[in-house]
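Q: Protein sequences appear in the order of chains A and B.
Counting in our numbering, the final residue of the first sequence is number 369, and the numbers go up one at a time with none missing.
Counting in our numbering, the final residue of the second sequence is number 204, and the numbers go up one at a time with none missing.
Honestly, the hints are just simulated from the structure, not real lab data.
Predicted model only: the values in this text are computed from it and were never measured.
Even glycine gets a Cβ: it sits at the ideal position worked out from N, Cα and C.
Heads up, none of these hints are tricks.
Taking beta-carbon pairs under 10 Å as the criterion, some of the chain B residues facing chain A (in silico):
#, residue
1, D7
2, K13
3, L178
Below 27 Å or equal to it, Euclidean Cα-Cα: the simulated DSS-like pairs (lysine-lysine) are:
#, chain 1, residue 1, chain 2, residue 2
4, A, K5, A, K183
5, B, K179, A, K105
6, B, K23, A, K105
7, B, K166, A, K125
8, A, K130, B, K165
9, A, K105, B, K187
Residues per chain, in single letters:
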Amino acid sequence: MPNVKIEHLDKIYDGGVQAVYDFNLDIEDGEFIVLVGPSGCGKSTTLRMVAGLEDISAGKLTIDGKDCTRLPPKDRDISMVFQNYALYGHMTIYENMAFSLTLRKEDKQVIHRKVMAAAEILDLKSQLNKKPKQLSGGQRQRVAMGRAIVRNPKVFLFDEPLSNLDAKLRGSMRREIMLLHKKLNATMMYVTHDQTEALTLADRIVCMSMGRVQQIGKPIDLYEKPANTFVATFIGLPPMNMFEGKIEKGNFVSDLFSYPLNDAQKDALKDYEGQPVIMGCRPENITRDGKVKLTVTNNENLGMNTLVHGKIGDKKLVVAKFAEWCNYKEDDVIEIGFDPVMTHFFELPKMTVNEKGEEVVAEYGKAIR
Amino acid sequence: MIFKKSDVHPVIKDDIQRYKKNKLASMLAILGLVLCCAYFVVLYAQVKNGNYYYKWPIALDVIFNLIFLLFVFLLSEQVKNYNRKLFWLQMFLGVMQIVRIFWLPLAGVTETVYPKLVGIDYPGKVLSSGAFICMVVFLAGSSACVIASGIVGFIRSLSLEKFTKKLASGEISVEATLKELDEADEKKASEMPAEVKAEEVTNA
Numbered sequence: 001m002p003n004v005k006i007e008h009l010d011k012i013y014d015g016g017v018q019a020v021y022d023f024n025l026d027i028e029d030g031e032f033i034v035l036v037g038p039s040g041c042g043k044s045t046t047l048r049m050v051a052g053l054e055d056i057s058a059g060k061l062t063i064d065g066k067d068c069t070r071l072p073p074k075d076r077d078i079s080m081v082f083q084n085y086a087l088y089g090h091m092t093i094y095e096n097m098a099f100s101l102t103l104r105k106e107d108k109q110v111i112h113r114k115v116m117a118a119a120e121i122l123d124l125k126s127q128l129n130k131k132p133k134q135l136s137g138g139q140r141q142r143v144a145m146g147r148a149i150v151r152n153p154k155v156f157l158f159d160e161p162l163s164n165l166d167a168k169l170r171g172s173m174r175r176e177i178m179l180l181h182k183k184l185n186a187t188m189m190y191v192t193h194d195q196t197e198a199l200t201l202a203d204r205i206v207c208m209s210m211g212r213v214q215q216i217g218k219p220i221d222l223y224e225k226p227a228n229t230f231v232a233t234f235i236g237l238p239p240m241n242m243f244e245g246k247i248e249k250g251n252f253v254s255d256l257f258s259y260p261l262n263d264a265q266k267d268a269l270k271d272y273e274g275q276p277v278i279m280g281c282r283p284e285n286i287t288r289d290g291k292v293k294l295t296v297t298n299n300e301n302l303g304m305n306t307l308v309h310g311k312i313g314d315k316k317l318v319v320a321k322f323a324e325w326c327n328y329k330e331d332d333v334i335e336i337g338f339d340p341v342m343t344h345f346f347e348l349p350k351m352t353v354n355e356k357g358e359e360v361v362a363e364y365g366k367a368i369r
Numbered sequence: 001m002i003f004k005k006s007d008v009h010p011v012i013k014d015d016i017q018r019y020k021k022n023k024l025a026s027m028l029a030i031l032g033l034v035l036c037c038a039y040f041v042v043l044y045a046q047v048k049n050g051n052y053y054y055k056w057p058i059a060l061d062v063i064f065n066l067i068f069l070l071f072v073f074l075l076s077e078q079v080k081n082y083n084r085k086l087f088w089l090q091m092f093l094g095v096m097q098i099v100r101i102f103w104l105p106l107a108g109v110t111e112t113v114y115p116k117l118v119g120i121d122y123p124g125k126v127l128s129s130g131a132f133i134c135m136v137v138f139l140a141g142s143s144a145c146v147i148a149s150g151i152v153g154f155i156r157s158l159s160l161e162k163f164t165k166k167l168a169s170g171e172i173s174v175e176a177t178l179k180e181l182d183e184a185d186e187k188k189a190s191e192m193p194a195e196v197k198a199e200e201v202t203n204a
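Could you put the whole structure together from the sequences, leaning on the hints where they help?
A: What follows is the structure in structure tokens.
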């Protein structure tokens, strides 16, 4: 039985604004799920609905077989770690970690043993007598996690816990969360807008946009087999290069270049003859053995590899990633190609006009496979 | 790891002290301070222009009150952190509260005055017995709280110091005790019949 089962979850606010549409997910026991997406995509709202901090407008939430849709947060047996730590400034670290257990009137010895065990896991033993203001951001976040651990909940919820930390600390905390998950083997739901966190931490990623789930899958699946144009451009850094064109006689033809399809691509695109499609290729899948002319605008040497920014034609900006140190100068012209195995094709997104009269995406272009 | 309610292990009991403030001693000191405030509110209510209390001793009482409030507040913070350096000062202040009963409050019920100012021409006592009893209760209570706070603080700080020394010398080990308790719990859990175990997990 899945540990957490979310069925047809909707969130509609009082003003009629719908933040989450038909969210479905089965989380297995001990699984690490990351909800990723841009700001306003509904990922935090979903997490808060699971936590019980937001009412569920429609749908059903089951935690370990128990219907929790209308249960108050305290009865759901979950722990949440917030971005801003939410520690009590006037209490010591020990007292902060013990607080939830003290409220439950647990035995002193039990509280002490749980706090010490959590402090051991999180390497906080030497900080237990300090106040939160005496700790660094990373240590404070560890305390917040410790407070969650001592409760021994069925599910851990993390709402962008690393967003307040600097890049270096974020990296080390990411590793700590990964180790913590291994040690506790607990079910975790983690919200982030940082795709690096999502790709490194998750057993499965839920990629969201506009309140809807765009794709659920293992990190490698989202990276190598994106379900639509949103996932293709959101996952991966730099994002995937997208070219609009159409299929003509076994070729992808755009205003800028023509790309011959291989047999597998021809087969996948046989129903799209003469129709407009989008071709996508990640920067690292651009090769230097093709016939497409790229005019270099600038280089970003990153040590192990180089990001080459350039233009195809006059306006189409393209980023290529080459696994070596490159010394291209501005206006150098190089010939590039696209790795046929790693080239993706998508339908065109369906557009609609919003109440302000602006053209917006109604549905992202689906992948053609 | 299985945690269960049990009597507190002596090592764990002492170890908890390392991470918890001595709130009992601190709160007792604060209570002593509050009772002292109650005392002087009652006393100063008796001070009227030209009456028995309208003399220089009341100034001394005000000064003593200020000193008492300041020091007891500082002492409450000291005992909270298991510091017993000012233990004797705390005892002195506590005893002084008892001594004060025999000064202005007692004088109020023994001295006879003629409060002509309020138009009464027959002799009477400065203090009503009700006010006197209140003052005695407040001062005695304040004294008891301050002294108790000092004693609790002294005992706990001594026990914490002993525990810390034992820890430093390696005579006892918190880690070993925690491990021992974990093992005992796991052993108990493994010996427990499956149905009881399932019930405990459900209850937990």
